[in-house]
Structures are given as C-alpha cells and as structure tokens.
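Q: Protein sequences appear in the order of chains A and B.
When we follow numbering that gives the first Met the number 0, the leftmost residue of the first sequence carries the number 0, and every step to the right adds one.
When we follow numbering that gives the first Met the number 0, the leftmost residue of the second sequence carries the number 0, and every step to the right adds one.
Warning: the hint list may mix true and false statements.
Identical chains blur together in the list; that is why a pair holds if it fits in one copy or across any two.
[Stated by the list, open to error] With a cut-off of at most 20 Å between alpha-carbon atoms, the simulated EDC-like pairs for lysine to aspartate or glutamate come out as follows:
id	residue 1	residue 2
1	160	98
2	72	45
3	38	83
4	152	124
5	141	68
6	102	55
7	38	148
8	160	99
9	38	142
10	127	45
11	160	106
No wet-lab data here; the hints were simulated from the structure.
There are 2 protein chains.
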Amino acid sequence: MKRIAFLLVAVATLASVGTYLVPTFGQADKNSAPVYVTKMPPGYRDWRLISVAHEEGSLHSFAAILGNDVAIKAFREGTLPYPDGTIIAALHYGHIPSEENNKVFGDPQSFVPGPPTNVQFVVKDSKKYAATGGWGFGHFNKDGTLGNDALMKTCFPCHAKASRDLVFTHYAP
Amino acid sequence: MKRIAFLLVAVATLASVGTYLVPTFGQADKNSAPVYVTKMPPGYRDWRLISVAHEEGSLHSFAAILGNDVAIKAFREGTLPYPDGTIIAALHYGHIPSEENNKVFGDPQSFVPGPPTNVQFVVKDSKKYAATGGWGFGHFNKDGTLGNDALMKTCFPCHAKASRDLVFTHYAP
Chain A
0 MKRIAFLLVA
10 VATLASVGTY
20 LVPTFGQADK
30 NSAPVYVTKM
40 PPGYRDWRLI
50 SVAHEEGSLH
60 SFAAILGNDV
70 AIKAFREGTL
80 PYPDGTIIAA
90 LHYGHIPSEE
100 NNKVFGDPQS
110 FVPGPPTNVQ
120 FVVKDSKKYA
130 ATGGWGFGHF
140 NKDGTLGNDA
150 LMKTCFPCHA
160 KASRDLVFTH
170 YAP
Chain B
0 MKRIAFLLVA
10 VATLASVGTY
20 LVPTFGQADK
30 NSAPVYVTKM
40 PPGYRDWRLI
50 SVAHEEGSLH
60 SFAAILGNDV
70 AIKAFREGTL
80 PYPDGTIIAA
90 LHYGHIPSEE
100 NNKVFGDPQS
110 FVPGPPTNVQ
120 FVVKDSKKYA
130 ATGGWGFGHF
140 NKDGTLGNDA
150 LMKTCFPCHA
160 KASRDLVFTH
170 YAP
C-alpha cells in the first residue's frame, strides 16, 4: 500500500513555494504541519481523463487518472509548476482477469478493473499545503474512510521524488 | 490485432433491431452491406471515463474507454440496448514499464501508457448500422488512416459474442 500511495502526483519544484517551509525532507516543521485533503472534491467522476496506470508487485492495481479543468489545461499545455486549483484524482481498482472476455478471445489475455479499492487526490494550493510542496494529499478507502496517519506520511516523501512538480503521471494523448 | 479489434463493444440483442437484417452471422446480405465509421467523432478526448482495459497475449495494450453523454447516461443507468446516439471510444496505447516510476519505487512494478497505437469507436444507430447489430465500427491508426477491410470484418462477429448489446466494457464506478 505504501508504494501506491500517491503514486501519481508530486512537487519537486520546492523553490517555487519556498524551501524554507520544508526544512526536513518529508517532514514539516512546527509552524507548518502537513495538512491533508479530508473531503472528496465533488463531481470528480465526471472529470476528464489524464491517463491510466497499472501497478503490479503486490498491488495488482488498475487506475484511471482524471483531472479537473485546471489540471487538464495544465497537462495539455505542459505548465509547470501546476497552478493553484489543480486537482488530480486517481481512481484505483483491482487489476483482474476478465473471464467473460477471455472466453470469447480463447486466450487468458484480458484484464479489467475489479472492485474499487480507493480514490486518491492531490490538490495544489501553494499556501495551504506549503509544508508538503504545495500539494495536499487525500486518500479515501472504498468505504469512504480516510487513509491512516502512517499511510498519509508516505505521500509527500515519495512524490517529492517525481520529476515534474511532484507529479508522476504523464498526459496520455 | 484481430483480437483487440473492437474488443470493447458489441450488440447481442439482435432482436431489438430486427434479426432479418442480419441473415448470416457476421455478414451482411446484399441489401445491407456493413457500413463503417470513417470519421472520428469530434471532441472525443474530452468525453468522460467509462473504464480502463489491458490486453496481454501478443498485444501489450493499454486502453482508456470514454463515452459521449448518451453513453455515460446509458452505462450509469444500465440501459440495454444502448440508445441510438451512443458512442464509445477506445483509446489504445502500448502497455509499457515506467522506468521513472520503477526507479523511485525500487521494484519493476509500474506500467504506464506508451505511444498511442489506435483509436476505435462504436456508434449506435440502429438504422444506419442495421447490418451489424445497430453498431457502426471505426478504427483509426495512429497516423489517422482507417483500419483495412480484413481488420474491419472482424469487428462485428467478435462483438456479437459480448453479452450486453455487443458491448464488452463494464462501467467502472
């Protein structure tokens, strides 16, 4: 779970939001404790597609990556860092074989989304989320509960390793 | 290639469009030759997400399945057969490992879309496409050229084996 947490998005351009706000890698100082995203952005399932993703290892996870209008515009225009207001949603599902399709095709070749596992968001607000590179991270389990503290602490340090403003995902044309 | 062709969509409820128009399985009679989709529906990249898909075997293909407003409404409401005006788009890419992600994660676990390979459409028009179960099939190669005749002839017979009005894809919530 650790590795999929916020696989998709991150902020490497710390300079743009003031590195003095992130004194220790992956940790906030006393004056800027990490703030997480605790409410799902309304209407995210109607957002447009950024890309798709597939994680193996122990995860067997399928994802659709959607973006709000600010996100889609930024991805299409290659804007970096992502502007405030950018929200990226990662809809995660199990990655399972399709018995129905494989029966038709005659080969065990087809994989489809299984039941939803979680939905994750990153929200760009360079002031509110200054302690974590300008991005707020949110994780919602399939029952709607939030990701626990241990999980949430893994988001920023991992995303900070992404090369494009803490974002792993590339736009799929 | 044969097997990915129109993997996603099909019409099994032939009764609803008149089986007399489809005298031989997968073939049209002289009065109702197959009509294919030869123009890309405008704006399809902005359509909403239906689901994602992954085909292995010899394909190594990743797909995002998008739908126009008529399609999204029908999928969400479980409407069968799909109403005239339904259009489903399958955006296909290579399914490739992400060197960037795997370096961060430390495991070869991450797969992302490679270059686009083709875009396929199914368009529901029970009169225009009566010879193929009410669905028109379209295949556009990455250079914009159309799928050849041999490929196009595989679409309907395969999709006719899908259980929900020739459509393989399920809606991912």
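Q: When no copy is specified for residue 141 and residue 68, does a C-alpha distance of 20 Å or less occur within a copy, between copies, both, or neither?
A: neither (25 Å within a copy, 26 Å between copies)
Q: Treating 20 Å as the Cα threshold, decide for residue 38 and residue 83: within, between, both or neither.
A: This pair counts as within: shortest intra-copy Cα distance 17 Å, inter-copy 38 Å.
Q: I want to check one pair: residue 38 and residue 142. Are their C-alpha atoms no more than 20 Å apart within a copy, between two copies, both, or neither?
A: within (14 Å within a copy, 42 Å between copies)
Q: With identical chains treated as interchangeable, where does the CA-CA distance between residue 160 and residue 98 reach 20 Å or less: within a copy, between copies, both, or neither?
A: between (38 Å within a copy, 13 Å between copies)
Q: Measure nothing new, just compare the shortest in-copy and cross-copy C-alpha distances for residue 160 and residue 106 to 20 Å and report within, between, both or neither.
A: between (39 Å within a copy, 15 Å between copies)
Q: What label fits residue 160 with residue 99 when the C-alpha limit is 20 Å: within, between, both, or neither?
A: Answer is between: at 10 Å across copies they meet the 20 Å cutoff, but 40 Å inside does not.
Q: Using 20 Å as the alpha carbon limit, work out where residue 72 and residue 45 are close: within a copy, between copies, both or neither.
A: Result: close both inside a copy and across copies, 16 Å intra and 11 Å inter.
Q: At most 20 Å between alpha carbons: which applies to residue 38 and residue 148, within, between, both or neither?
A: within (16 Å within a copy, 51 Å between copies)
Q: Can you give me the call for residue 152 and residue 124, within, between, both or neither, at a CA distance of at most 20 Å?
A: So residue 152 and residue 124 pass the 20 Å test inside one copy only (18 Å; across, 51 Å).
Q: Could you place residue 102 and residue 55 in one of the four classes (within, between, both, neither) given a Cα distance threshold of 20 Å?
A: between (24 Å within a copy, 14 Å between copies)
Q: Given a CA cutoff of 20 Å, do residue 127 and residue 45 count as a within-copy pair, a between-copy pair, both, or neither?
A: neither (25 Å within a copy, 30 Å between copies)
Consistency with the previously given hints fails for numbers 5 and 10, ordered from lowest to highest.
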